[in-house]
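Going down the list, the protein sequences come from chains E and P. The numbering used here numbers the first residue of the first sequence as 1 and each following residue consecutively. The numbering used here numbers the first residue of the second sequence as 339 and each following residue consecutively.
The hints are simulated quantities; they were obtained by calculation from the structure and are not laboratory data. Warning: the hint list may mix true and false statements.
As the list claims (entries may be wrong) - Computed beta-carbon distance windows for the label pairs: (1) P:Ala648 <-> E:Thr151: 51 to 57 Å; (2) P:Gly576 <-> E:Thr159: 44 to 50 Å; (3) P:Met339 <-> E:Leu158: 23 to 29 Å; (4) P:Gly576 <-> E:Tyr317: 33 to 39 Å; (5) E:Gln192 <-> P:Ser463: 34 to 40 Å.
As the list claims (entries may be wrong) - Here are the computed lysine to any residue pairs in the SDA-like style, where the Cα-Cα straight-line distance is at most 25 Å: (6) E:Lys147 <-> P:Ala341; (7) E:Lys147 <-> P:Leu739; (8) P:Lys461 <-> E:Gly249; (9) P:Lys465 <-> E:Thr186; (10) P:Lys461 <-> E:Leu218; (11) P:Lys465 <-> E:Cys334; (12) E:Lys147 <-> P:Ala505; (13) E:Lys147 <-> P:Asn749; (14) E:Lys147 <-> P:Gln740; (15) P:Lys561 <-> P:Trp385; (16) E:Lys147 <-> P:Asp340; (17) E:Lys147 <-> P:Ala752; (18) E:Lys147 <-> P:Leu342; (19) E:Lys332 <-> P:Gly458; (20) E:Lys147 <-> P:Lys561; (21) E:Lys147 <-> P:Cys753; (22) P:Lys461 <-> E:Arg48; (23) P:Lys465 <-> E:Tyr317; (24) P:Lys461 <-> E:Glu335; (25) P:Lys461 <-> E:Ile316; (26) P:Lys461 <-> E:Tyr317; (27) P:Lys461 <-> E:Trp323; (28) P:Lys461 <-> E:Thr186; (29) P:Lys707 <-> P:Phe778; (30) E:Lys147 <-> P:Lys707; (31) P:Lys461 <-> E:Gly229; (32) E:Lys147 <-> P:Gly458.
To be verified - Listed below are several chain P residues computed to face chain E (Cβ distance under 8 Å; list not exhaustive): (33) Ser426; (34) Gly434; (35) Phe446; (36) Met507; (37) Leu750; (38) Ser754.
Think of the CB as a built atom: it goes at the ideal place given N, C-alpha and C, for glycine as much as any other residue.
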Amino acid sequence: MMELQIIWFILITVLFTGFFFLEGFDYGVGTLLPFLSSRDEERTQVLRTIAPVWDGNEVWMITAGGALFAAFPHVYATMFSTFYLALFLMLVALILRGVAFELHGRHTSLCWRRFWDGAICFGSAIPAFLWGVAVIDLIQGLPINEKMIYTGGFLNLLTPYSIIGGITFLLVFTFHGAAFLTQRLTNRGLIQKAQLFAQRTGALAIIAFVFCLLMTLLKTDLFHSCLGGTALLAAGVFFLLGYRQMFSGHYQSSFILSSLAIVATTLAFFAGLFPRLMVSSINPDWSLTIYNAASTPYTLGIMTIAAAILVPIVLIYQGWTYWIFRQRISPKDCEETH
Amino acid sequence: MDALLLSRWQFAITTTYHFLFVPITLGLSIFVALLETCYVTTKRPQWKAASKRLVRFFGTIFLINFALGVVTGIVQEFHFGMNWSEYSRFMGDIFGAPLALEALTAFFLESTFLGIWVFGWNKLSEKLHCACIWIVAIGSNLSAFWILVANSFMQHPAGFAIENGRAVMTDFLALVTNPYVAGEYSHALFAGISTGGFVVLAISAWKLLHDEASRYAFTQSLKGGAIFMAVGLLGVMGSGHMHTQYLATANPMKLSSMEALWETADPAPFAIAADINMDKSRNDTELAVPGVFSFMLYNKPSGEVRGINALQKEYQTKYGPGDYRPDVPALFWSFRIMVGAGGFMLLLALVTTLLAVKGRILSFPLLLKILPFLLPLPFLANSTGWFITEAGRQPWIVVGLQRTAEAVSPNLTACSVWLTLIGFTVLYLLLILAALYIVFRHIQTTTIPDEGRNA
Chain E
1 MMELQIIWFI LITVLFTGFF FLEGFDYGVG TLLPFLSSRD EERTQVLRTI
51 APVWDGNEVW MITAGGALFA AFPHVYATMF STFYLALFLM LVALILRGVA
101 FELHGRHTSL CWRRFWDGAI CFGSAIPAFL WGVAVIDLIQ GLPINEKMIY
151 TGGFLNLLTP YSIIGGITFL LVFTFHGAAF LTQRLTNRGL IQKAQLFAQR
201 TGALAIIAFV FCLLMTLLKT DLFHSCLGGT ALLAAGVFFL LGYRQMFSGH
251 YQSSFILSSL AIVATTLAFF AGLFPRLMVS SINPDWSLTI YNAASTPYTL
301 GIMTIAAAIL VPIVLIYQGW TYWIFRQRIS PKDCEETH
Chain P
339 MDALLLSRWQ FAITTTYHFL FVPITLGLSI FVALLETCYV TTKRPQWKAA
389 SKRLVRFFGT IFLINFALGV VTGIVQEFHF GMNWSEYSRF MGDIFGAPLA
439 LEALTAFFLE STFLGIWVFG WNKLSEKLHC ACIWIVAIGS NLSAFWILVA
489 NSFMQHPAGF AIENGRAVMT DFLALVTNPY VAGEYSHALF AGISTGGFVV
539 LAISAWKLLH DEASRYAFTQ SLKGGAIFMA VGLLGVMGSG HMHTQYLATA
589 NPMKLSSMEA LWETADPAPF AIAADINMDK SRNDTELAVP GVFSFMLYNK
639 PSGEVRGINA LQKEYQTKYG PGDYRPDVPA LFWSFRIMVG AGGFMLLLAL
689 VTTLLAVKGR ILSFPLLLKI LPFLLPLPFL ANSTGWFITE AGRQPWIVVG
739 LQRTAEAVSP NLTACSVWLT LIGFTVLYLL LILAALYIVF RHIQTTTIPD
789 EGRNA
């Protein structure tokens, strides 16, 4: 039987993959919101594409955090205290974004709407960027001492490499969100606008991705993992193809390819980390691994049973939501408000 | 102030904010679900039309409140790692499990089905739509259950062992069936029902006075809210009483501190008011009723209750030198505020229920007028209640196992915590003001005309 620690490493990977794939387009749509149109009714249509689902998607992140806490408490403790100020910034963004979705449509004043549009944009772009920074920090390694405590400061988290990682995440998610919108709207003008933004951010994303790939090759041991290296290269290929499909107007395949690119990137980073979860740049022996950071087999066993039952159920009813809301959003849909 | 004290303040402030919204979510979700069930099942056209509009009306308030509850809740989950990393290391094997289960069983459920409920009015059948809000209500209450499982361990550890300096889980069932959970959960659930009921009651009362066109609908919701609140308060009192009795064995220091009982006594008196002197470990003056404290605990006018001083000595032998007393005056007065507010609310709920059921509520405009102004009461009771629970376990973060001072993240600087403390406090305040503005506007501008009267 597979070791419980490995099962949980895989489960954490699955949760982060789900999170980046689903919240990826939410973040992208949110980031693009103020740029796609200056007309309020069009912005409402854009928001409506994610309104019923964004909260459920965000739970993937919460669950990933909770799963880290349950399965690898040392990683949870070290990671969250390391990224203290970065997480504060992310929380501010997520708080604003969550409230913005609820309050945005409840007042007709232009000033009110514009403020919450801005909050949604900020609240989507900042987490997208910060997750990119965090992922690179994890694989690149951080000054972690023998007691699993981070000894650096806030600025150690922001290296040129990690900043490029953040920018790459932001651009890829924006492309992903634009591709999502082309699938979800009926308004031709908006779809074309989304395509235009996808083409722009896609081109920048490719440049950033290549930089990121090179830095990963130079600065990390990700390519020592056969799966990691292959997956990262595959992610690049998927994204390039997705970009091409966007240009030729094959929206659906473009969205599928950008999804695959995100899934493959997540897979690559976790494969590159394995069996570590946080790399110590001071001494490789001080890295947090699935063995020295894990909960006891008893707790892992209980949680494995729970996850084996609950994760499929969640997938079924979340899938059902997307089925209920499968129709494209038309301007008429937005007239009715709750 | 150092990072430890600031982190404690931050946790206290953000939890208090969070628990302004949580009880409304717990109670109002059930109330809205009941209303929608009325809408789906009723055969009377007048009530059918009005109940649907009422579902929408209170649904909007529920949604805005829910959003604030969610965003203030995320911060709580992050806090354990950000500010209390040593706690997370020590307790992760036990504490992480209910948190992950909360996300897996409850957060997914409530957020997904709430999305369907809000945007699915025309996409689902009436019954299926109604089932969605019930699932949201179940999800919210399930979430409360898991987090209170986690909290109960901190108050009264169960099903664990200490290995290599860390607490590890040895019995998951013991963790979940910890008797502390039953007390905390039932108390919180009923507090949620009372709070939700009072929100409905206060809003309905205001509407009855200020919006004549909507009179039929809000007479109904006022009646429902009053009954709901009365049921909740009776439950609060019952569960509170049960939990207090259990505290005598589970957490005697908290219990005696909450009553400012310094010396062991049999029978023990109940102090109505006291001038508490922490330095001298006594009450300088007190107004006490003999035997009542014993009666509360044992249902008879006798029975020994251990005093703070005896417990302090006992803990010093057990855990080494140190001050094991919580902030007695703060606990003492919080308890009195909580119980006072609860008792007063029960009276209000019963009187209003009686008048509403007899159809005479409109003859008492003064009552309708003051009800909205009394709405802070449940929030006061909820906050003081949590204060007793959390401050009552100090100096421990996990009673008997880890001290709060040992739990804080070692790499935190006071400067960072100042920044986040002020940041969260100000941000939350601004968002609450924005939300209140929208809620007030919604209440003022939405009318529910009596459509069914001519039908």
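Structure-based check of all given hints:
For P:Ala648 paired with E:Thr151, a C-beta distance near 45 Å fails the hint of 51 to 57 Å. With their beta carbons about 59 Å apart, P:Gly576 and E:Thr159 fall outside the hinted range of 44 to 50 Å. For P:Met339 and E:Leu158, the Cβ-Cβ distance of about 28 Å falls inside the hinted range of 23 to 29 Å, so the restraint holds. At roughly 35 Å, the beta-carbon separation of P:Gly576 and E:Tyr317 lies within the given 33 to 39 Å, and the hint holds.
With their beta carbons about 37 Å apart, E:Gln192 and P:Ser463 fall inside the hinted range of 34 to 40 Å. Distance hint between E:Lys147 and P:Ala341 is fulfilled; the C-alpha atoms sit about 20 Å from each other, no more than 25 Å. With a C-alpha separation of about 20 Å, the suggested pair E:Lys147 and P:Leu739 falls inside the 25 Å cut-off, and the hint holds. With a C-alpha separation of about 30 Å, the suggested pairing of P:Lys461 with E:Gly249 is violated against the 25 Å cut-off.
Proposed proximity of P:Lys465 and E:Thr186 is contradicted: the alpha carbons are some 30 Å apart, above 25 Å. With a C-alpha separation of about 53 Å, the suggested pairing of P:Lys461 with E:Leu218 is violated against the 25 Å cut-off. Simply put, P:Lys465 and E:Cys334 have alpha-carbon atoms about 24 Å apart, close enough for the 25 Å limit, and the pair holds. Using a Cα cut-off of 25 Å, the hinted pair E:Lys147 and P:Ala505 holds, with the two alpha carbons roughly 17 Å apart.
Among the hinted pairs, E:Lys147 with P:Asn749 is consistent with the structure: their alpha-carbon atoms are about 12 Å apart, no more than 25 Å. For the proposed pair E:Lys147 and P:Gln740, the alpha carbon gap of about 18 Å is at most 25 Å, so the pair holds. Our distance criterion of 25 Å between C-alpha atoms is met by P:Lys561 and P:Trp385, whose separation comes to about 14 Å. Straight-line distance between C-alpha atoms of E:Lys147 and P:Asp340 comes to about 22 Å, which keeps the hinted pair within the 25 Å bound.
For the given pair, E:Lys147 sits about 21 Å from P:Ala752 by alpha-carbon distance, which is consistent with the 25 Å threshold. Restraint check: the Cα-Cα separation between E:Lys147 and P:Leu342 comes to about 19 Å, which is no more than 25 Å; the hinted pair holds. Distance hint between E:Lys332 and P:Gly458 is fulfilled; the C-alpha atoms sit about 15 Å from each other, no more than 25 Å. Only pairs whose Cα atoms come within 25 Å are accepted, and E:Lys147 paired with P:Lys561 is rejected, the gap being roughly 60 Å.
Restraint check: the Cα-Cα separation between E:Lys147 and P:Cys753 comes to about 23 Å, which is no more than 25 Å; the hinted pair holds. For the hint linking P:Lys461 to E:Arg48, the alpha-carbon distance of about 15 Å falls within 25 Å, and the restraint holds. Of the supplied pair hints, the one linking P:Lys465 and E:Tyr317 holds, its CA atoms being roughly 17 Å apart against a limit of 25 Å. Of the pairs offered as hints, the one joining P:Lys461 and E:Glu335 holds, with about 15 Å between alpha carbons and a cut-off of 25 Å not exceeded.
Note on P:Lys461 and E:Ile316: the hinted pairing holds, with a Cα-Cα distance of about 18 Å set against a maximum of 25 Å. Using a Cα cut-off of 25 Å, the hinted pair P:Lys461 and E:Tyr317 holds, with the two alpha carbons roughly 16 Å apart. As the CA atoms of P:Lys461 and E:Trp323 are separated by approximately 11 Å, the hinted pair is consistent with the 25 Å bound. Of the supplied pair hints, the one linking P:Lys461 and E:Thr186 holds, its CA atoms being roughly 18 Å apart against a limit of 25 Å.
The hinted pair formed by P:Lys707 and P:Phe778 meets the criterion: a straight-line CA distance of about 16 Å does not exceed 25 Å. Annotation: proposed proximity of E:Lys147 to P:Lys707 is violated, straight-line Cα distance about 61 Å (limit 25 Å). Restraint check for P:Lys461 and E:Gly229: not satisfied, since their Cα atoms lie roughly 45 Å apart, outside the 25 Å limit. As the CA atoms of E:Lys147 and P:Gly458 are separated by approximately 51 Å, the hinted pair breaks the 25 Å bound.
Taking 8 Å as the C-beta cut-off, the interface hint given for P:Ser426 holds, the closest approach to chain E being about 4 Å. Below 8 Å, beta-carbon pairs count as interface contacts, and P:Gly434 has one with chain E at about 3 Å; its hint therefore holds. With 8 Å as the threshold, the beta carbon of P:Phe446 comes within range of chain E, its nearest partner Cβ sitting at about 5 Å, so the hint holds. Checking P:Met507 against chain E: minimum C-beta separation of about 5 Å stays under 8 Å; hint holds.
The restraint placing P:Leu750 at the interface with chain E holds, with a minimum CB-CB distance near 7 Å, inside the 8 Å limit. Taking 8 Å as the C-beta cut-off, the interface hint given for P:Ser754 holds, the closest approach to chain E being about 6 Å.
The structure fails hints 1, 2, 8, 9, 10, 20, 30, 31, 32 (numbered hints given earlier, in ascending order).
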